[in-house]
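Peer 1: Taken in sequence, the protein lines are chains P and L.
Read in this note's numbering, the first sequence has 65 at position 65, and its numbers run on one by one without any break.
Read in this note's numbering, the second sequence has 10 at position 10, and its numbers run on one by one without any break.
Please note: incorrect hints may appear among the correct ones.
Claimed, not checked - SDA-like mimics (lysine to any residue), calculated; alpha carbons at most 25 Å apart, straight line: (1) P:113 with L:83; (2) P:110 with P:53; (3) P:97 with L:78; (4) P:115 with L:43; (5) P:129 with L:79; (6) L:66 with L:47; (7) P:63 with L:78.
It should be emphasised that the hints constitute simulated quantities derived from the structure, not laboratory data.
Here is how the chains run, residue by residue.
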Amino acid sequence: MRFCAMPSLYTLLALPLLGVSPANAQETAPPAQSQAEQPKPETSSTADAQKVMLKEGTEVHLKLAQTMTSKTSSVGEPVEMVLAEDLAVGPDVVARKGTRVLGTVVAGKKTEKQKNEATELRVRADHIKVGESFIKLTGEQAGLGKRDKGKMVTYGILFGLSGLLASSNKKFVIPEGTPATAYVQEDISLPILAAAPNSTP
Amino acid sequence: MRRGIVLTAWIGLLLAFTVSLDAELQAPLAQTEGVYLVFYRAPNHITNSSPQVFHSFADSFINYLKSRDVNILEDPERGILQTDQVMSIESQLNLTKNAGAKYLLLATVERPISKWIKVTVQSYDLSGKLLWSEEAGVMGGMTGKEAPEKTLKSLQKKLDPRIDKPGLPKKSAAAPAAPNKETPKPPPVRD
Numbered sequence: 001m002r003f004c005a006m007p008s009l010y011t012l013l014a015l016p017l018l019g020v021s022p023a024n025a026q027e028t029a030p031p032a033q034s035q036a037e038q039p040k041p042e043t044s045s046t047a048d049a050q051k052v053m054l055k056e057g058t059e060v061h062l063k064l065a066q067t068m069t070s071k072t073s074s075v076g077e078p079v080e081m082v083l084a085e086d087l088a089v090g091p092d093v094v095a096r097k098g099t100r101v102l103g104t105v106v107a108g109k110k111t112e113k114q115k116n117e118a119t120e121l122r123v124r125a126d127h128i129k130v131g132e133s134f135i136k137l138t139g140e141q142a143g144l145g146k147r148d149k150g151k152m153v154t155y156g157i158l159f160g161l162s163g164l165l166a167s168s169n170k171k172f173v174i175p176e177g178t179p180a181t182a183y184v185q186e187d188i189s190l191p192i193l194a195a196a197p198n199s200t201p
Numbered sequence: 001m002r003r004g005i006v007l008t009a010w011i012g013l014l015l016a017f018t019v020s021l022d023a024e025l026q027a028p029l030a031q032t033e034g035v036y037l038v039f040y041r042a043p044n045h046i047t048n049s050s051p052q053v054f055h056s057f058a059d060s061f062i063n064y065l066k067s068r069d070v071n072i073l074e075d076p077e078r079g080i081l082q083t084d085q086v087m088s089i090e091s092q093l094n095l096t097k098n099a100g101a102k103y104l105l106l107a108t109v110e111r112p113i114s115k116w117i118k119v120t121v122q123s124y125d126l127s128g129k130l131l132w133s134e135e136a137g138v139m140g141g142m143t144g145k146e147a148p149e150k151t152l153k154s155l156q157k158k159l160d161p162r163i164d165k166p167g168l169p170k171k172s173a174a175a176p177a178a179p180n181k182e183t184p185k186p187p188p189v190r191d
């Protein structure tokens, strides 16, 4: 009787090694149906359970990860930005603060060779890469200025930039860390990373 | 008594196995023994020289490192960065981490008044600590035509002893799997 009890104890201990928990050992017994015959929706719903839909138009707070100047920025050049805060759908975070965001200079010097600085500087936010997915963004931030005797006399904000366009006598400067706002361009389903610590219901 | 020892050994084995499995699953993405390159064109070079000189020097420098089998990890989205824009070391280190590299190599290309070209190469680890710095430049002569080549040769002499050491790891020392090899392409940019 004692000898019968011990092997069952060893079996019990060996179950985790095989990836089977004692509690669900019976539940995970091989099914009689083949895999092809099993209903697919169950699998997809399990995968969807860990994903959330990030809606088009969701506001995304960014900040510049490089300094931009009207003297060095030329059209088509990539621009580095980062998420200024976690991007979340309700309490579910889909991209963490600091995640890389890529943008493009859409108004600036026409070519890299051009010696004269640009009179307009505009950046477009393109996308955020989260795992294998790209969240497409829309929205531009811009600084537009005119000069009078070497001094910038007016500058306007066209879109998105939170009033932090800096100016000097020599060139426009948008310093690293300048906040900006972009928007999600289209709905995208993303995996949940973690619950946001300060999320409000 | 004997059975008790066997049972304890079994439990110990199981615990060790479970812990190692757990650690494997939760381990963060390991950085590869590789280097991420950034070429920065200083304002005085923008004013007094041409972008071709800058890019040509950068390409020659990359070829030199490749010829020495240095494990260069490229940015999955932008390749090797050659930029006029000021970027903090912190931001550059973020890009380094994204690329899966352990070191950042920043090459600053200048055109001071006294020299045709001056290049400063700085190596940082992921904590932002400056590991070492080397510089080279060329002055004199009627034209600066050969200055980039001479500067590169001068740098080679200084950098050769640093290869296969922290900051310039060789491919042979790197782990076989690079994390960003199969990065999906970004979506097409709209007009």
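Peer 1: Each of the hints needs a verdict: does it hold here or not?
Peer 2: Evaluation of the provided hints:
no. : hint            : in the structure
1   : P:113 with L:83 : holds (13 Å)
2   : P:110 with P:53 : violated (39 Å)
3   : P:97 with L:78  : holds (21 Å)
4   : P:115 with L:43 : holds (11 Å)
5   : P:129 with L:79 : holds (16 Å)
6   : L:66 with L:47  : violated (30 Å)
7   : P:63 with L:78  : holds (19 Å)
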